[in-house]
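Novice: Here the protein sequences come in this chain order: A and B. Under numbering that gives the first Met the number 0, read the first sequence as residues 0 to 315, first letter to last. Under numbering that gives the first Met the number 0, read the second sequence as residues 0 to 315, first letter to last.
Fair warning: there could be bad hints in the mix.
Stated by the list, open to error - List time: in silico DSS-like cross-link candidates among lysine-lysine, alpha-carbon distance up to 25 angstroms:
#1 B:Lys171 <-> A:Lys275
#2 A:Lys198 <-> B:Lys171
#3 B:Lys240 <-> A:Lys283
#4 B:Lys275 <-> A:Lys171
#5 A:Lys203 <-> B:Lys198
#6 B:Lys203 <-> A:Lys203
#7 B:Lys240 <-> B:Lys198
#8 B:Lys283 <-> A:Lys171
#9 A:Lys275 <-> B:Lys275
#10 B:Lys275 <-> B:Lys198
#11 B:Lys203 <-> B:Lys240
As the list claims (entries may be wrong) - The calculated label-pair distances, taken between Cβ atoms and stated as ranges, are:
#12 B:Glu186 <-> A:Thr68: 39 to 45 angstroms
#13 A:Gly252 <-> B:Ser230: 25 to 31 angstroms
#14 B:Gly94 <-> A:Arg263: 50 to 56 angstroms
#15 B:Glu286 <-> A:Pro200: 49 to 55 angstroms
#16 A:Pro200 <-> B:Glu186: 37 to 43 angstroms
What the hints contain is simulated information worked out from the structure, not anything from laboratory work. Just so you know, these numbers come straight off a predicted model, no measurement behind them. No residue lacks a Cβ here, since even glycine has one placed at the ideal position from N, Cα and C.
Number of protein chains: 2
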Amino acid sequence: MAVRLTLPVIFFSSHFPPSSSRSRSKTCCSSSASSSQMELNNEFGVTKFKEFPYVSAPHRNLMVDLVSTVENRLGSQLLPCSLPPDVQYYQNQTGSAHASLHTRSGNKPSHSQIDFILGSWIHCELPTGGALNITSLSAFLNPLTDAPNFLIELIQSSPTSLILILDLPPRKDLVLCPDYLHTFYEETQLDTRKQILEKIPEVKPYISSSLYIRSLVSPTAIMVRIETEASQPGRVEEVIKDHVDPIAKEVLGIWLDQCACGKREVGEAERAILEKRDGLIKIKTIEVDLGSNFPRLFGPEVADRILGAMRDVFTV
Amino acid sequence: MAVRLTLPVIFFSSHFPPSSSRSRSKTCCSSSASSSQMELNNEFGVTKFKEFPYVSAPHRNLMVDLVSTVENRLGSQLLPCSLPPDVQYYQNQTGSAHASLHTRSGNKPSHSQIDFILGSWIHCELPTGGALNITSLSAFLNPLTDAPNFLIELIQSSPTSLILILDLPPRKDLVLCPDYLHTFYEETQLDTRKQILEKIPEVKPYISSSLYIRSLVSPTAIMVRIETEASQPGRVEEVIKDHVDPIAKEVLGIWLDQCACGKREVGEAERAILEKRDGLIKIKTIEVDLGSNFPRLFGPEVADRILGAMRDVFTV
Numbered sequence: 000m001a002v003r004l005t006l007p008v009i010f011f012s013s014h015f016p017p018s019s020s021r022s023r024s025k026t027c028c029s030s031s032a033s034s035s036q037m038e039l040n041n042e043f044g045v046t047k048f049k050e051f052p053y054v055s056a057p058h059r060n061l062m063v064d065l066v067s068t069v070e071n072r073l074g075s076q077l078l079p080c081s082l083p084p085d086v087q088y089y090q091n092q093t094g095s096a097h098a099s100l101h102t103r104s105g106n107k108p109s110h111s112q113i114d115f116i117l118g119s120w121i122h123c124e125l126p127t128g129g130a131l132n133i134t135s136l137s138a139f140l141n142p143l144t145d146a147p148n149f150l151i152e153l154i155q156s157s158p159t160s161l162i163l164i165l166d167l168p169p170r171k172d173l174v175l176c177p178d179y180l181h182t183f184y185e186e187t188q189l190d191t192r193k194q195i196l197e198k199i200p201e202v203k204p205y206i207s208s209s210l211y212i213r214s215l216v217s218p219t220a221i222m223v224r225i226e227t228e229a230s231q232p233g234r235v236e237e238v239i240k241d242h243v244d245p246i247a248k249e250v251l252g253i254w255l256d257q258c259a260c261g262k263r264e265v266g267e268a269e270r271a272i273l274e275k276r277d278g279l280i281k282i283k284t285i286e287v288d289l290g291s292n293f294p295r296l297f298g299p300e301v302a303d304r305i306l307g308a309m310r311d312v313f314t315v
Numbered sequence: 000m001a002v003r004l005t006l007p008v009i010f011f012s013s014h015f016p017p018s019s020s021r022s023r024s025k026t027c028c029s030s031s032a033s034s035s036q037m038e039l040n041n042e043f044g045v046t047k048f049k050e051f052p053y054v055s056a057p058h059r060n061l062m063v064d065l066v067s068t069v070e071n072r073l074g075s076q077l078l079p080c081s082l083p084p085d086v087q088y089y090q091n092q093t094g095s096a097h098a099s100l101h102t103r104s105g106n107k108p109s110h111s112q113i114d115f116i117l118g119s120w121i122h123c124e125l126p127t128g129g130a131l132n133i134t135s136l137s138a139f140l141n142p143l144t145d146a147p148n149f150l151i152e153l154i155q156s157s158p159t160s161l162i163l164i165l166d167l168p169p170r171k172d173l174v175l176c177p178d179y180l181h182t183f184y185e186e187t188q189l190d191t192r193k194q195i196l197e198k199i200p201e202v203k204p205y206i207s208s209s210l211y212i213r214s215l216v217s218p219t220a221i222m223v224r225i226e227t228e229a230s231q232p233g234r235v236e237e238v239i240k241d242h243v244d245p246i247a248k249e250v251l252g253i254w255l256d257q258c259a260c261g262k263r264e265v266g267e268a269e270r271a272i273l274e275k276r277d278g279l280i281k282i283k284t285i286e287v288d289l290g291s292n293f294p295r296l297f298g299p300e301v302a303d304r305i306l307g308a309m310r311d312v313f314t315v
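With these hints in hand, go ahead and build the complete structure from the sequences.
Specialist: Next up, the structure:
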């Protein structure tokens, strides 16, 4: 299977079977549901998301820690997840693919710089007998700041192979903005983290097949494939625990301190350019990254529902 | 030696010793020289450049073929080289470093889309007994078109190691311009060339230490290090002849057909942005790439003369 999912991925639950009549509502659930039922459904969805089932303990712990760190630090800047339950957790018709999606928009009245955060996991049984597991967390800022976004994605297609994408994707043309490059990528020493990982013998470069994705990421993006020997069971988990975990937390810390919570001067003209660029990235993310994979993994009906919900979040 | 020369490099001759009194004139040589003397000097400089001494036959043949192809195809669109002789060919005080620089500006009255082409070689004896040889050819377009530039650079620091940079660096923010990405990088199948090279066992990724250089190149940039065994003498030359040579010529062909000679609609506002972006790239190229290496390799006086001449060419 050609894995091209290289930006936030998403999921679907056995507890909430597909319903073709459901509209792409931005509200939590259907209008007939009571408020307490809505809360219960939402709580269930959030719990399912944070379970990160199917992946190893070091992988799960890393994702849970990252999500908790973001949610604790940003606190009231984030609105509760308002996705319908059958988008928060879903599956395909045969039950061979399960997934969860969790989004929280920025609280505009609080002058939050957060556009939204988006977390997800996907589990898909492979015809070869193994399974594909993808977990991701990304955070998009709004045009009150021009600081970079955050992205982590782990794609595991076998017990001996893991792809890691970890980056602060820039929101400006770095060639035109050497100061921006200096502030967010040179001064933060992001490249030293990349170099540390690349020195591990099992770590090889990973090159996305999408040229658009390659253009989106920063020059310090960590895009690697961890390939271990079958004779060394548990080595992927060891690399996650000892190397990926601390580096991912450092990079998230840099993003929280200097991007999400740092202040930047953004003029009106620049804000318009940011809005255009951010908007294009979101459209292309759905089109390039998810549009081609989702119908294949979940069938057209589920894919349509999930991508519709994604578009709603992306254009809020 | 930390090689950071990753855009056009330049050189200095024993035949034209440094002269601190020489101004950074854009004319061919000093005002006291006769016209025929100027022509002779120029011819000598061009001949020295096209010798590509010190490198292996396959390496030299490739560079000579690329320069000839560009000059023959662009013909009268290019003005003759107008660099002073002591910039066309130069050396350091001890004679341990030799170099040559060759530039030809676009002929504006002919409505050429060429800003200038810049070729160079450098030879530098290393304290360890070996030598560093760098050859490069780059071509910059002007704002009559927004099509990508061309760049090839070969850096050989030992008989068993060669770095290759081959790219059509974009002149726009690819994230904002998916059509541009599609036209010049997807439709041209540039990535297949990259993949062919990367499949050769001796070929490893090369990552520039400069984040600015990483930002400048395209998502299909070939940036590789060819590392061969000492037990296989001549293997680097074999890889150049059998793989680098045909691929470099194909990429140059794409650039000539679709970039240098293709027509693009460029509005006035867009032209201003291109001018700003092109200008910044040239400044940063000198600053990041050459400014730090040249004084070290050639001493401050020679470095000052060569970088001054470069600045003149870059701002014509």
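Novice: Mind checking the hinted window 49 to 55 angstroms against the Cβ distance between Glu286 of chain B and Pro200 of chain A?
Specialist: Taking Cβ atoms as reference, Glu286 of chain B and Pro200 of chain A lie about 36 angstroms apart, which means the hint is violated.
Novice: If you draw a straight line from the CA of Lys275 of chain A to the CA of Lys275 of chain B, is it 25 angstroms or shorter?
Specialist: holds (20 angstroms)
Novice: Taken at face value, is the distance from the CA of Lys171 of chain A to the CA of Lys283 of chain B at most 25 angstroms?
Specialist: Holds: Lys283 of chain B and Lys171 of chain A sit about 17 angstroms apart, inside 25 angstroms.
Novice: Taken at face value, is the distance from the CA of Lys240 of chain B to the CA of Lys203 of chain B at most 25 angstroms?
Specialist: holds (18 angstroms)
Novice: Okay, Glu186 of chain B versus Thr68 of chain A on CB: inside 39 to 45 angstroms?
Specialist: holds (43 angstroms)
Novice: Between Lys171 of chain B and Lys275 of chain A, does the CA-CA distance stay at or below 25 angstroms?
Specialist: Holds, at about 15 angstroms.
Novice: When you check the alpha-carbon spacing of Lys203 of chain A and Lys198 of chain B, does it fall within 25 angstroms?
Specialist: Roughly 14 angstroms separates the two Cα atoms, so the pair holds.
Novice: Lys203 of chain B and Lys203 of chain A were given as a pair; does the straight-line alpha-carbon distance stay at or below 25 angstroms?
Specialist: holds (10 angstroms)
Novice: Lying within 25 to 31 angstroms: is that true of the beta-carbon distance Gly252 of chain A to Ser230 of chain B?
Specialist: Since the Cβ atoms of Gly252 of chain A and Ser230 of chain B sit about 47 angstroms apart, the hinted range of 25 to 31 angstroms is violated.
Novice: So if I understand the rule, the pair passes when the alpha-carbon distance is 25 angstroms or less; does Lys275 of chain B with Lys171 of chain A pass?
Specialist: holds (15 angstroms)
Novice: For the pair supplied as a hint, Lys240 of chain B and Lys283 of chain A, confirm whether the alpha-carbon distance does not exceed 25 angstroms.
Specialist: Violated - the C-alpha atoms of Lys283 of chain A and Lys240 of chain B are around 40 angstroms apart, more than 25 angstroms.
Novice: When you check the alpha-carbon spacing of Lys198 of chain A and Lys171 of chain B, does it fall within 25 angstroms?
Specialist: violated (33 angstroms)
Checked against the numbered hints given earlier, the structure breaks hints 2, 3, 10, 13 and 15 and satisfies all the rest.
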